[in-house]
Amino acid sequence: MNAQTPGAAFNPQEVLRAQVRWRALEIIFWVATLAPFVLTPNYLILCSQIAIAALFALSLDLLVGYSGIVSLGHAVYFGVGAYSAGLLAKHGWGEPISGLLFASVVTALVGYLISFIMVRITHFALIMVTVGLCLLFGEIANSLHDVTGGDDGLQGVKMWSIFGIYRFDMFGRTAYVYTLVATFLSFLVLRRIINSPFGLSLRGMRENQRRMPAIGVPMKSRLQVVYVISACFAGLAGALSAQTTQFVALDALSFQRSAEVLVMLILGGAGRLYGGLIGAAMFMVARDQLADMNPQYWYFWLGLLLVIVIIFLPNGILGGLAALIDRVRSRRS
Amino acid sequence: MIARFVSLLFDGFAYGMLLFVLSVGLSVTLGMMNFVNLAHGAFAMVGGYVAIALMNRMGWPFLATLPVAFLAAALFSVVLERVLYRRLYRATDLDQSLLTIGIVFMSIAIAAYVFGTNQQPVQLPDYLRGRIVLGDFSFGVYRLFLIVSALIITGLMVIGLEYTRFGAQVRACVDNQRMARGLGLNVDYVFMMTFALGSGLAGLGGALAIEPMGLDPNFALKYLVYMLIVVAVGGLASIRGAFFTAGLLGVIDIFSKYYVPWIGGFILYLVMVGLLIWRPNGVFARR
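Chains as they are written, first to last, in this note's numbering: chain A, 1 to 333; chain B, 1 to 287.
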């Protein structure tokens, strides 16, 4: 990555600056996200769901891809965000943007509390605790039937217009603009975090858990910080989902949702920033198409996809593409 | 009051013994190969559906289906192990979890396709139904049958592990795989056999579980959590740990569902998370 000529002074700021620079492909990618307004105006609702899923996958990438921490229970934060935004709107404050902020602050607080548990354990126990917490929160939401609506979902979420001007319409135009802007802004923040010295230290922890404390990195506090950031953005995604669909189902907190977001991330390629975004788009489009045939058997294709990706494309689609490009280049030279 | 308490205790223990049969294989294979196999519940489901198919479509008696359920699950797992699992022994926890979750999802869809999404009806033979009444206390015959079967299986496992050549090889592989390999043990073979036996037990458990737990395509996911709790709390590769944890888990689950039904599974998950935070390697862990 940072091939330097021998003898030249190594300048860490220069390396980071090179990573921060925008590439042409990135700009094309974000311009392409506007295409649905022209090309597929009937699918804008699906598009806003893709944007939400992409943000959710991105927040998980910070943990799984960049810090090397497994989480099979990330839906906890999505669900907490969704319920806090939904409940706020249901009880009389339907202003969307302050609702987003409220939900992400609540989720960040929950993430902060949970982070104390997470930094204490590793490996199999960590996987189990993340699953356990996800089930625990699901049970809590289920038993608080009076507050959350339990199995029936949270109904009666009424959103006001954005800035008092743009109403959420039934074609999802406003919803897509809203989610796209939110996702893009979050992406900018996360991209900046990942390409900062802090982001570098996260990757260091992923690569070598023993060396980082040895060179003086306070692992536990760094991990706690990244947990809170990740939870906050997952909560934001949940809040967006609650606001645009004006409904929160119990499955916002489910194990299935946690598994699905991991699948998106792994499908696209973890630790590549755009992996989660592309994985989310492919996953949601595939589900939309396949579930139309028969929703029950969608799980079969999902499972098959997982097995194929894990066995043949261990770094996801983007990882596979990168390897392919490398091979073509090395053959040319 | 007392009678109710004793009978709940009995039911809980029987339930726990069933969980033990279902999950002990996972504990041993996880401890040996460090492979996170979330498809263990799917193996149990294979056993359950094989037993159902034999009983309801071919008219086999219940007891005769049990060995077939064992063999079917063992065979199924070995095929998967040879084709898929062995490629990932050196991969990360995450890759292993995802591969096996993929298998679980596929098995759920296949079960729904072949058998439908309804719970499977099961007709137990007369000698396993009814209750035995002793004074104030009464015990379900099938629950008693579960406990006796589980105790026999535990006995066989302990004897097999402690006193046979194969058992010694298994223990060697769990304790120090590299050393065992260095001494010329065929670790691959030992693991494959252990894996087959463990999955076979899950299949047997799946067949036994049809009546008390109900069998539908979500079985693979629904009871996976219980199995993972047994393994995680009991400690890897510890039969004793799995036995006590499963028994305790069954009792806690039955009691909480009877006395405090409105919080449902809440207590169970809370206890599990709490125990894992307290002792991440399992309460009964040997290491």
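Any given hint could be a false lead.
To be verified - 25 Å max Cα-Cα, derived SDA-like pairs, lysine to any residue:
id, chain 1, residue 1, chain 2, residue 2
1, A, K220, B, V273
2, A, K220, B, K222
3, B, K222, A, L144
4, B, K222, A, D251
5, A, K158, A, R173
6, A, K220, B, E81
7, B, K222, B, I2
8, B, K222, A, L250
9, A, K158, A, V177
10, B, K222, A, R173
To be verified - To give an idea of the interface, some chain A residues facing chain B are shown, with a C-beta separation under 7 Å as derived from the structure:
id, residue
11, E139
12, M205
13, M212
Derived from the structure by calculation, the hints contain no laboratory data. Just so you know, even glycine gets a beta-carbon here, dropped at the ideal spot from N, CA and C.
Hints, one by one, checked against the model:
1. For the hint linking K220 (chain A) to V273 (chain B), the alpha-carbon distance of about 20 Å falls within 25 Å, and the restraint holds.
2. Only pairs whose Cα atoms come within 25 Å are accepted, and K220 (chain A) paired with K222 (chain B) is rejected, the gap being roughly 33 Å.
3. For the hint pairing K222 (chain B) with L144 (chain A), the CA-to-CA distance comes to about 21 Å; that is within 25 Å, so the pair holds.
4. For the hint linking K222 (chain B) to D251 (chain A), the alpha-carbon distance of about 15 Å falls within 25 Å, and the restraint holds.
5. In summary, the hint linking K158 (chain A) to R173 (chain A) is supported, as the alpha carbons are separated by about 17 Å, within the 25 Å threshold.
6. At most 25 Å may separate the alpha-carbon atoms for a hinted pair to count; K220 (chain A) and E81 (chain B) exceed this at roughly 37 Å.
7. With a C-alpha separation of about 32 Å, the suggested pairing of K222 (chain B) with I2 (chain B) is violated against the 25 Å cut-off.
8. Using a Cα cut-off of 25 Å, the hinted pair K222 (chain B) and L250 (chain A) holds, with the two alpha carbons roughly 16 Å apart.
9. The hinted pair formed by K158 (chain A) and V177 (chain A) meets the criterion: a straight-line CA distance of about 19 Å does not exceed 25 Å.
10. Between K222 (chain B) and R173 (chain A) the CA atoms are separated by roughly 39 Å; this puts the pair beyond 25 Å, and the hint is violated.
11. Interface hint at E139 (chain A): satisfied, since its Cβ lies 4 Å from the closest Cβ of chain B, which is below the 7 Å cut-off.
12. The interface hint given for M205 (chain A) is violated, since its Cβ lies 15 Å from the closest Cβ of chain B, which is over the 7 Å cut-off.
13. Proximity of M212 (chain A) to chain B is violated relative to the hint, the smallest CB-CB distance being about 18 Å (cut-off 7 Å).
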